[in-house]
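There are 2 protein chains.
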Amino acid sequence: MTASRRPTIGVFDSGVGGLTVLRALLERIPAADYLYFGDTARLPYGSKSAATVAHYATGAVHYLQDHGAELLVIACNTATALAFDPIRAASRVDVIGVVEPGAAAAASASRKRKVVVIGTDATISSHAYQRALEAKGVSVREKACPLFVPLVEEGWVEHSVTEQVARIYLSEAFSQDASDADVLVLGCTHYPLIKPLLRRVAPDHVIIVDSAESTAHAVAEQLRIEPLHLRDESERRALPRLKFFATDSVEKFKKMGTRFLGRSVEDVVHVDLKE
Amino acid sequence: MTASRRPTIGVFDSGVGGLTVLRALLERIPAADYLYFGDTARLPYGSKSAATVAHYATGAVHYLQDHGAELLVIACNTATALAFDPIRAASRVDVIGVVEPGAAAAASASRKRKVVVIGTDATISSHAYQRALEAKGVSVREKACPLFVPLVEEGWVEHSVTEQVARIYLSEAFSQDASDADVLVLGCTHYPLIKPLLRRVAPDHVIIVDSAESTAHAVAEQLRIEPLHLRDESERRALPRLKFFATDSVEKFKKMGTRFLGRSVEDVVHVDLKE
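Quick note, the sequences are listed as chains A and B, same order.
Letter 190 of the first sequence, counting from 1, is numbered 400 in the numbering used here, and no numbers are missing.
Letter 24 of the second sequence, counting from 1, is numbered 234 in the numbering used here, and no numbers are missing.
None of these hints come from the bench; they were simulated from the model.
Backbone N, C-alpha and C define an ideal beta-carbon position, used for all residues, glycine too.
Errors might be hidden in some of the hints.
Claimed, not checked - Pairs of lysine-lysine residues, derived as DSS-like cross-links and limited to a Cα-Cα distance of at most 25 Å, are as follows:
no., chain 1, residue 1, chain 2, residue 2
1, A, Lys-353, A, Lys-324
2, B, Lys-464, A, Lys-353
3, A, Lys-462, B, Lys-353
Claimed, not checked - Just a sample of chain B residues kept apart from chain A, beta carbon distances all over 12 Å, derived:
no., residue
4, Glu-237
5, Tyr-244
6, Ala-314
7, Arg-321
8, Gln-340
9, Gly-347
10, Ser-349
11, Lys-405
12, Pro-406
13, Val-411
14, His-415
15, Ala-428
16, Gln-432
17, Arg-434
18, Asp-442
19, Leu-449
To be verified - With beta-carbon atoms standing in for the labels, derived distance ranges:
no., chain 1, residue 1, chain 2, residue 2, range
20, A, Arg-377, B, Ser-335, 30 to 38 Å
21, B, Asp-304, A, Ser-385, 49 to 57 Å
22, A, Ala-261, B, Gly-347, 48 to 56 Å
23, B, Pro-406, A, Pro-240, 52 to 60 Å
24, B, Glu-368, A, Ser-335, 22 to 30 Å
25, B, Ser-444, A, Ala-299, 53 to 61 Å
26, A, Val-303, B, Arg-473, 46 to 54 Å
27, B, His-277, A, Ser-349, 43 to 51 Å
28, B, Gly-278, A, Ile-417, 54 to 62 Å
29, A, Ser-389, B, Ser-318, 55 to 63 Å
This is chain A alone, in the form it adopts within the complex (with noise of 0.2 Å):
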């Protein structure tokens, strides 16, 4: 596939949080067929078992290539950390999970070559980050953060209790011999919301890799497009077509939807996977 014709991009979270890797892809990418999947009568995958979490991304896979996909992005970073293999056996067209992005964006930014990762516990338990990173050269602390979803879809994203569990959780990632760690991966879809709280608590020499853009960055490198600033107007005018399919309620994935994706949610199809 080259850049020279409009692409469709089939993007795959368990519900609402891949919104912001798709979010990231509309920067980007802007001249391209968009079809979002989340399966969000299924969500969180957070509390399921690596076999529950490959049987359903599946068949969320093969519903996108049916629908048209020609790359399929695993916006989750559970369903990546925990079944990436099996979803990439299972499909006929290429995948891009958001580890493997944010591990390699985390490795060159990091001088010390120590990082912080933080996510569900489920990323966390599945050591895909520290796997990815390690085989960088690059040391790593993991730290399950499960209060910032439900804080984040709650709406407290600039909130005195969300900060107050941020110092909880970040002063224990950076604690002993991680202190001097100088990267902190969010390595969880819904935490580029609390990016600006994040920043705010973390320590001051920190860069933060937000996983959902270095994943935009690589499907743009995988698409072999170029940056905006070098493509032609009508390229850079060129509106980006969105479709999204979830598989419960519309109207809450419209609604929790627009928070996440920064602009209207309008397009949405509901649909019944039976497994």
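Chain A is fixed; fit chain B onto it per the hints.
For chain B alone, coordinates are given in the frame of chain A:
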């Protein structure tokens, strides 16, 4: 069914929360066999539509019946609130939910005829408690408290963050025309674990009604089981038999379940429910 022989009671929840109901049942009816079904692969029901919840719960209820349950307890506020009628219609045996017993206990406890109900988003949005209480001539303020479940699951049951969150939620719940409400209904099976904290934060004059305890009381009445102190020695000493079914990781269920049940969770079988 009478109390003259040992009953088999099926208890259903989306996860481990219903174990607080089982805990209350064990205290009140120790001489029974219990089958507990936790649909952990598909939790939480709180974010799902009524149709999805009804579909999932019905499958679980059939499973419990097929394994010998003679009475079913829907130990899940969300499933009771969203899908009690379809669950009862699909069941061959008697079904008791958590909403009606909690509402009945609240109605008899309230002198002011004004009650506050807290629960998950889904339970509150369903207005199931409001309908049940208004039918008893009691006016209701409902308040969703979506952060309590993840705070309990994080283990922060006595924590300054949880107390701060509780102060915010309860001050909203008891504001304006609900300021003289004299009963607080814990409309979520996770909340008994933070009952001591809620007792401190709630206004002093407020009586706390725990739906788990009210439900255990309703089950004993349904089975015509006498209060424990009236029964003979052999029955008081009888040990319950417990068997657990979980749709996701058995190890996770054991670990988390032990905290909710207040005793060791041992005999857990993994179940793969096809939709």
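*Hey, does Ala-314 of chain B actually stay past 12 Å from chain A on C-beta?*
Holds, since 31 Å exceeds 12 Å.
*Confirm or reject the statement that Gly-347 of chain B sits farther than 12 Å, beta carbon to beta carbon, from all of chain A.*
33 Å, holds
_Cβ separation of Asp-304 of chain B and Ser-385 of chain A, checked against the hinted range 49 to 57 Å_ = 54 Å, holds
*CB of His-277 of chain B to CB of Ser-349 of chain A, is that within 43 to 51 Å?*
49 Å, holds
*Reported absence of His-415 of chain B from the contact zone with chain A (all CB gaps over 12 Å)*: For His-415 of chain B, whose nearest Cβ neighbour in chain A is about 27 Å away, the distance exceeds 12 Å, so it holds.
*asked:* A cut-off of 12 Å on Cβ-Cβ distance, and Val-411 of chain B was said to be off the interface with chain A. Does that hold?
replied: 14 Å, holds
_Distance restraint hint 55 to 63 Å, applied to the beta-carbon atoms of Ser-389 of chain A and Ser-318 of chain B_ = 57 Å, holds
*Okay, Arg-377 of chain A versus Ser-335 of chain B on CB: inside 30 to 38 Å?*
Because 32 Å falls inside the window, the suggested range holds.
*Are all C-beta atoms of chain A more than 12 Å from that of Pro-406 of chain B?*
Label holds. Min Cβ-Cβ 20 Å, cutoff 12 Å.
*asked:* Does Leu-449 of chain B clear chain A by more than 12 Å, comparing its Cβ with all Cβ atoms of that chain?
replied: 31 Å, holds
*Please work out if Lys-464 of chain B and Lys-353 of chain A have their alpha carbons no farther apart than 25 Å.*
Holds, at about 23 Å.
*Per the stated criterion, does the least C-beta distance between Ser-349 of chain B and chain A lie above 12 Å, as a non-interface residue requires?*
Correct as stated: the minimum Cβ-Cβ distance to chain A is 27 Å, above 12 Å.
In this structure, every one of the numbered hints holds.
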